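On the provided structure of chain A, position chain B as indicated by the hints.
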Amino acid sequence: AQSVTQLGSHVSVSEGALVLLRCNYSSSVPPYLFWYVQYPNQGLQLLLKYTSAATLVKGINGFEAEFKKSETSFHLTKPSAHMSDAAEYFCAVSPQGGGNKLTFGTGTQLKVEL
Amino acid sequence: GAVVSQHPSRVICKSGTSVKIECRSLDFQATTMFWYRQFPKKSLMLMATSNEGSKATYEQGVEKDKFLINHASLTLSTLTVTSAHPEDSSFYICSARDRGQGNYGYTFGSGTRLTVV
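Line order of the protein sequences matches chains A and B.
FYI, in the working numbering the residues of the first sequence are 1 to 114.
FYI, in the working numbering the residues of the second sequence are 1001 to 1117.
What the hints contain is simulated information worked out from the structure, not anything from laboratory work.
From a predicted model like this one, the values you see are computed outputs, not experimental measurements.
Do not rely on the hints blindly, as some may be mistaken.
[As the list claims (entries may be wrong)] A few chain B residues facing chain A, derived, Cβ under 8 Å: (1) 1006; (2) 1007; (3) 1040; (4) 1043; (5) 1044; (6) 1046; (7) 1093; (8) 1106; (9) 1108; (10) 1109; (11) 1113.
[Unchecked claim] Over the 10 Å line for every Cβ pair with chain A, so calculated as not near, a few chain B residues: (12) 1004; (13) 1017; (14) 1022; (15) 1024; (16) 1042; (17) 1111.
Beta carbons are placed, not taken as given, at the ideal position from N, Cα and C, and that holds for glycine.
This is chain A alone, in the form it adopts within the complex (with noise of 0.2 Å):
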C-alpha cells in the first residue's frame, strides 16, 4: 500500500523566510504525488503535481517541489514566504495508470510571521 509521511504537523517561519515542508512517500513503483493547500473550512486547492515527467515541478504561488527517488521524498519550498501562504498543506499519492485514490498525509500548519 502506497503512503506519505509529513514531519511536522507545525511549521513556523518569519515573513520572506524560506518555506519547507517535508513528504516522503513508501512505494514500491515511482507514483504520483501531490501537494495540496487549505485555507480553513475551504476545500483542497492543488499546488502541484509530479506525474513521472520533470523532477522539478513549478507549481501556483510561487511554490515548488522536488521528486527524489533516492530519498523517496517530495518537499515543498518556497523562496520566500508570504503571510498569505498561512495555511494547511497536504500531501498525496496516487498509483500510477489506473490507480483511483489519493491516500494524504497528515498534514502541516504552516503559521507565517511578521
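Showing chain B alone in chain A's frame:
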C-alpha cells in the same frame, strides 16, 4: 480550470434527521467522485468512491446505510447522511476526477460543515 461546486457549505440539523450534500462538476465530466471526511486538525479520510451509474465503493469501517452515495450523472454525486447523530458532525469534502485528465485531475469541492445538534 476544472471547478467542483459543493453545496451546502454549512448545515445544522437535528439528531435523527437526514442531510443531503451535493457535489457537481461544473465544466467537466467526472466519471469518478470521492467523498472524504475531515475531523478537526486531522487529515482527510476517504469514505467512498463513486462511479457514475454504479454502486459506490465504501472504505472499510464506513457504514453504507448511514452514508448513502448516489452518482446518477457524470456531473453530480450526492452524499446523504441518514439519521444523523452528533458524532456525524464533521467537515465533508468531495472530489471529482476529470475524465479527460486521467489520473492527474482531482478537483475538490469547498467542503460542507455538518453540525448535528
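Structure-based check of each hint:
1. 1006: Because about 7 Å separates residue 1006(B) from the closest Cβ in chain A, which is inside the 8 Å limit, the hint holds.
2. 1007: violated (12 Å)
3. 1040: violated (11 Å)
4. 1043: holds (5 Å)
5. 1044: holds (5 Å)
6. 1046: holds (6 Å)
7. 1093: holds (5 Å)
8. 1106: holds (6 Å)
9. 1108: With Cβ-Cβ at 4 Å, under 8 Å, it holds.
10. 1109: holds (5 Å)
11. 1113: holds (6 Å)
12. 1004: violated (8 Å)
13. 1017: The assertion about residue 1017(B) holds, with a minimum of 22 Å to chain A.
14. 1022: Holds, because the least Cβ-Cβ distance between residue 1022(B) and chain A comes to about 14 Å, which exceeds 10 Å.
15. 1024: Its Cβ never comes within 10 Å of chain A, the nearest being 13 Å, so this holds.
16. 1042: Its Cβ does come within 10 Å of chain A, the nearest being 7 Å, so this is violated.
17. 1111: violated (5 Å)
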